[in-house]
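> Once you know that position 382 of the first sequence is 382 in the numbering used here, the rest is easy, because the numbers rise by one and skip nothing.
Source of the hints: derived by calculation from the structure; they are not laboratory data. Mixed in with the good hints there might be a few duds.
[Unchecked claim] Quick list of in silico lysine to aspartate or glutamate cross-link-like pairs, DMTMM-like style, CA-CA up to 20 Å:
1. Lys15 x Asp470
2. Lys357 x Asp382
3. Lys160 x Glu194
4. Lys454 x Glu433
5. Lys95 x Glu111
6. Lys467 x Asp455
7. Lys467 x Glu482
8. Lys287 x Asp270
9. Lys432 x Glu342
10. Lys160 x Asp107
11. Lys12 x Asp455
12. Lys195 x Glu114
13. Lys12 x Asp382
14. Lys478 x Asp455
15. Lys460 x Glu433
[What the hints assert, rightly or not] Listed next, with one range per pair, are the computed distances between beta-carbon atoms:
16. Arg198 x Asp370: 54 to 60 Å
17. Ser401 x Lys467: 44 to 50 Å
18. Ala411 x Gly129: 34 to 40 Å
Here the structure is a predicted model, which is why all the values come from computation and not from measurement. C-beta: ideal position from N, C-alpha, C; glycine also.
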Amino acid sequence: MQQNLYLYNSLKRTKELFTPITPGYVGLYLCGPTVYGPPHLGHARPAVVFDILNRYLHHLGYKVRFVRNVTDVGHLENDADEGEDKIARKARVEKLEPMEIAQLYTDNYHEEIEKLNVLKPSIEPRASGHIIEQIAMISQIMENGFAYESNGSVYFDVVKYNATNHYGKLSGRVLEELIAGAGEERRELEGQEEKRNRVDFALWKKASPEHIMRWPSPWSDGFPGWHIECSAMSGKYLGETFDIHGGGMDLLFPHHECEIAQSVGATGKDPVRYWMHNNMITINGQKMGKSLGNFINLSELYAGSHKLLEQAYSPMTIRFFILQAHYRSPLDFSNEGLKAAEKGMKRMLNAKALLPKLKTSATSTSKISDVIDSCYEAMNDDLNTAIAMASLFEGARIINSVYAGTETITAADLDSLSKFFTLFVEEVLGLKEEALGDDSSVDGLMSIILELRKDVKAKKDFAASDKIRDMLLALGYKIKDEKDGATWTRE
RNA sequence: GGUCCUGUGGCCGAGUGGCUAGGCAGAGCUCUGCAAAAGCUUGUACAGCGGUUCGAAUCCGCUCGGGACCUCCA
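Using the sequences and the hints given, assemble the complete structure.
Following this line, the structure appears as structure tokens:
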């Protein structure tokens, strides 16, 4: 842990040196998916971004407890669905048990996200499995006088809370302005009349008769409010105050603001020391939205089956593409951008594969420590993966040059470059060659074929050697004739 | 309407007072039976208009785009 890691803290609006509460240990919480539909492109960015944080903290020697929740109790719909929650609605439409839907999309999420080589969280709590904890927390908030019951529902009293605390400290919202309202366009939520103030938010909602997802509570048969699960579960597994809480920028308000209010309302303590938010993605410069027809599911992306996609893009290409941008900048997905990422990634992984083949010399023409240092410097500066990757490409340039014989490297430098490059690419950035389902016999078969091809080439029978190359290419095996003989890769 | 972020070369995308980001694409060369790969060389960009400064893509103001949140959303 020699490195000083600086992270941008949304709460302070500045970069801060990261110091954990308990030396050597980090508690990390990430808002996970609401499992009412297939995972889409929007899910990929926070998953990958916070995977990098998780991996880098590990790399620095911290023991990380990484908690990522699954929201399977649904959230209120505010429009035509009249308070029916998302999962319940989906269940009705698809004629399934609500938990069947949640299970299906939870599995689906795991499947698609793991393809991006995202490490699993240490704990993945489900909201439905923590109803008791949520009820306990709501009771605590009520006891402390920051919540009230109204017609079987419980609301957080934002105005009362703000008298002694600061509601808006994370998002920069001003309570008076929120109360004044956002103009005529603002729609009135169902149940508004039960609240003392329009800014109050639900901790517990009484279920309407047709509402199929419900649990018993001291107040009514109902379901927890939008924000309470994260507060209850992060508190349970990471403590009343923990190190880092992550999520998309869209969750900053109201979700994370309300989390703070709830936790302070219940425990009197600030729940989180470092709040981190990733920026959003756009598609061809436009925001992704269901109504805009540019909502791309991960499975469609991997298969290239969406109408906006010119080809399939592998999960590793997506990962590489996401890492080429800084996590707090918006990122635009386009065919051109993704194709460039695909090629760039190949270049990086090819260089890594060349490392064992390099010959050493008495001197080095490049300073290897510069490459390594600049990489760490970039990561320590709020996880600037874009610059870290630029350093890795400088490493790739050196590797290629040594391989081509235009540069030299000492045995000691090669050793440190190999260790560093492999470690950074594979373990920190989590980039790897994608499995193509080969078994070991392919190696043997290929060497036989290349040996035979070498013979016909020696006889200058280029028609035959080209035919072999073309036929192998048709199968997905690409032959490269180099000065020391032919090599092959899978396309 | 309010609050906040943002606008970089053909494309993506770092940087944020003086010093080459990087990737992809393009051009030339080397290598090569051809191809591929690789290497070398090459581009002089910072929305517009003002201002501050010895010096601004970088700070300030205005204008015009794009986006986020304010309402379920990653």
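> Determine for every hint whether it applies to the structure shown.
Evaluation of the provided hints:
no.: 1; hint: Lys15 x Asp470; verdict: violated, 54 Å
no.: 2; hint: Lys357 x Asp382; verdict: violated, 35 Å
no.: 3; hint: Lys160 x Glu194; verdict: holds, 16 Å
no.: 4; hint: Lys454 x Glu433; verdict: violated, 28 Å
no.: 5; hint: Lys95 x Glu111; verdict: violated, 24 Å
no.: 6; hint: Lys467 x Asp455; verdict: holds, 14 Å
no.: 7; hint: Lys467 x Glu482; verdict: holds, 18 Å
no.: 8; hint: Lys287 x Asp270; verdict: violated, 33 Å
no.: 9; hint: Lys432 x Glu342; verdict: holds, 13 Å
no.: 10; hint: Lys160 x Asp107; verdict: violated, 41 Å
no.: 11; hint: Lys12 x Asp455; verdict: violated, 69 Å
no.: 12; hint: Lys195 x Glu114; verdict: violated, 42 Å
no.: 13; hint: Lys12 x Asp382; verdict: holds, 14 Å
no.: 14; hint: Lys478 x Asp455; verdict: holds, 19 Å
no.: 15; hint: Lys460 x Glu433; verdict: violated, 35 Å
no.: 16; hint: Arg198 x Asp370: 54 to 60 Å; verdict: holds, 57 Å
no.: 17; hint: Ser401 x Lys467: 44 to 50 Å; verdict: violated, 34 Å
no.: 18; hint: Ala411 x Gly129: 34 to 40 Å; verdict: violated, 55 Å
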